[in-house]
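Quick note, the sequences are listed as chains A and B, same order.
So in numbering that gives the first Met the number 0, the last spot in the first sequence is 203, and the numbers never skip.
So in numbering that gives the first Met the number 0, the last spot in the second sequence is 203, and the numbers never skip.
Treat the hints as calculated values from the structure; they're not laboratory data.
Where a beta carbon is used, it is the ideal one built from N, C-alpha and C, also for glycine.
Worth double-checking, as some hints may not be accurate.
Quick list of the computed label-pair ranges, beta carbon to beta carbon [stated by the list, open to error]:
(1) B:E178 - A:G104: 25 to 33 Å
(2) A:G104 - B:R165: 31 to 39 Å
(3) A:G191 - B:G156: 47 to 55 Å
(4) A:P108 - B:E178: 19 to 27 Å
(5) A:E56 - B:G88: 15 to 23 Å
(6) B:E154 - A:R174: 18 to 26 Å
(7) B:G156 - A:P108: 23 to 31 Å
(8) B:R94 - A:E56: 40 to 48 Å
In silico lysine to aspartate or glutamate, EDC-like type, Cα no more than 16 Å apart, as pairs [as the list claims (entries may be wrong)]:
(9) A:K17 - B:E119
(10) B:K91 - B:E119
(11) B:K17 - A:D29
(12) B:K91 - B:D76
(13) A:K91 - A:E113
(14) A:K17 - A:D109
2 protein chains.
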Amino acid sequence: MSSDRLREQIRFILEIDKLKGVLRRTYLVDGTRRENSAEHSWHVAMMATVLAEHANEPVDAGRVVRMLLVHDIVEVDAGDTFVYDTAGGESKAERERIAADRIFGLLPPDQRSELRALWEEFEAARTPDARFAAALDRMMPVLHNIHTGGRAWRENGVTADMVIARNRRMAEGSRTLWEYVRNLVETAVERGHLAPPPERGRDA
Amino acid sequence: MSSDRLREQIRFILEIDKLKGVLRRTYLVDGTRRENSAEHSWHVAMMATVLAEHANEPVDAGRVVRMLLVHDIVEVDAGDTFVYDTAGGESKAERERIAADRIFGLLPPDQRSELRALWEEFEAARTPDARFAAALDRMMPVLHNIHTGGRAWRENGVTADMVIARNRRMAEGSRTLWEYVRNLVETAVERGHLAPPPERGRDA
Chain A
0 MSSDRLREQI RFILEIDKLK GVLRRTYLVD GTRRENSAEH SWHVAMMATV
50 LAEHANEPVD AGRVVRMLLV HDIVEVDAGD TFVYDTAGGE SKAERERIAA
100 DRIFGLLPPD QRSELRALWE EFEAARTPDA RFAAALDRMM PVLHNIHTGG
150 RAWRENGVTA DMVIARNRRM AEGSRTLWEY VRNLVETAVE RGHLAPPPER
200 GRDA
Chain B
0 MSSDRLREQI RFILEIDKLK GVLRRTYLVD GTRRENSAEH SWHVAMMATV
50 LAEHANEPVD AGRVVRMLLV HDIVEVDAGD TFVYDTAGGE SKAERERIAA
100 DRIFGLLPPD QRSELRALWE EFEAARTPDA RFAAALDRMM PVLHNIHTGG
150 RAWRENGVTA DMVIARNRRM AEGSRTLWEY VRNLVETAVE RGHLAPPPER
200 GRDA
């Protein structure tokens, strides 16, 4: 192993420290502040460790964990795009591709390809591992909202139909967890923590 | 799968969110604030993914990652014990054991045993996986100090001999990475970011 190789690896490790400064819209469960993408990545990786048995198809939990550890690294350059932000969503893919080129590009070639492929697999959400990882990544903000009285939802004008439309694809990774989330969303509407769809609001 | 089981799993996931509020002594690489144990856990897990080839003995990188994801969870109750805090260090084992009982105890019995065993293996640092995981956990604060001009070292009166004594055991997990860290420590002393041992200071 050449020391050049180690130096490249350490440079990557230091660079991704910046993910700790990328803020998401969701709040910590105790409501004290918004969470950042690094601590979210840890949390959702732990979720994969504990909930892997609920995947529709058998998954390699270790791969799901690694996928979730790297899934937000591109945000170091591209920032966090709020899931309900349609305008930002359009340019997201291109911004993140450029970010992936630069950040994974800091690594030695073999690891660059390996981590980049893992990130692309997550983004494409076509394999069982990636579909399950994506389901967990969608579920986490719902849990955070439920336990902060729907704070990020209310601050960003998100309604129940938006939550359902956005998270419906969870069922491709885990029908069990999607069922759980649907029940949470209903409860949140009943409690007034999440606004009903505009149509229902007018009819009620 | 009973829904009781899922409820227990989710309760654990929500409980460990508190790790995001446990502050360490080290600063982010950009120096803006101290880091918390959740984002540190993500960072050191990523480190394991990238540096596994430098372990003395072959390791199961997936197990090392999982070990590092859970290694600080007991701090939700026990708090972060600064590695150079001798008094706190004495009561640490007992405080963390009680914390492990409660927090891993939220999980269904099979997962409680599995994650607890993983944490205990990390703490004992006797297997190749655990020795390597422990080496990475020791290395990370050195990297953070080096890139913030030794800020946490200076704020806490840490001298070069303390850093060497504390981190020497890194060599049991990775001689390559220990060698790298020793060179960093020498450079830090030369640059005045880390105080030399008191004896050397008097003789100089």
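Hints versus structure:
| no. | hint | result |
| --- | --- | --- |
| 1 | B:E178 - A:G104: 25 to 33 Å | holds, 27 Å |
| 2 | A:G104 - B:R165: 31 to 39 Å | holds, 34 Å |
| 3 | A:G191 - B:G156: 47 to 55 Å | holds, 53 Å |
| 4 | A:P108 - B:E178: 19 to 27 Å | holds, 24 Å |
| 5 | A:E56 - B:G88: 15 to 23 Å | violated, 46 Å |
| 6 | B:E154 - A:R174: 18 to 26 Å | violated, 51 Å |
| 7 | B:G156 - A:P108: 23 to 31 Å | violated, 43 Å |
| 8 | B:R94 - A:E56: 40 to 48 Å | holds, 41 Å |
| 9 | A:K17 - B:E119 | violated, 31 Å |
| 10 | B:K91 - B:E119 | holds, 14 Å |
| 11 | B:K17 - A:D29 | holds, 8 Å |
| 12 | B:K91 - B:D76 | holds, 11 Å |
| 13 | A:K91 - A:E113 | violated, 22 Å |
| 14 | A:K17 - A:D109 | violated, 23 Å |
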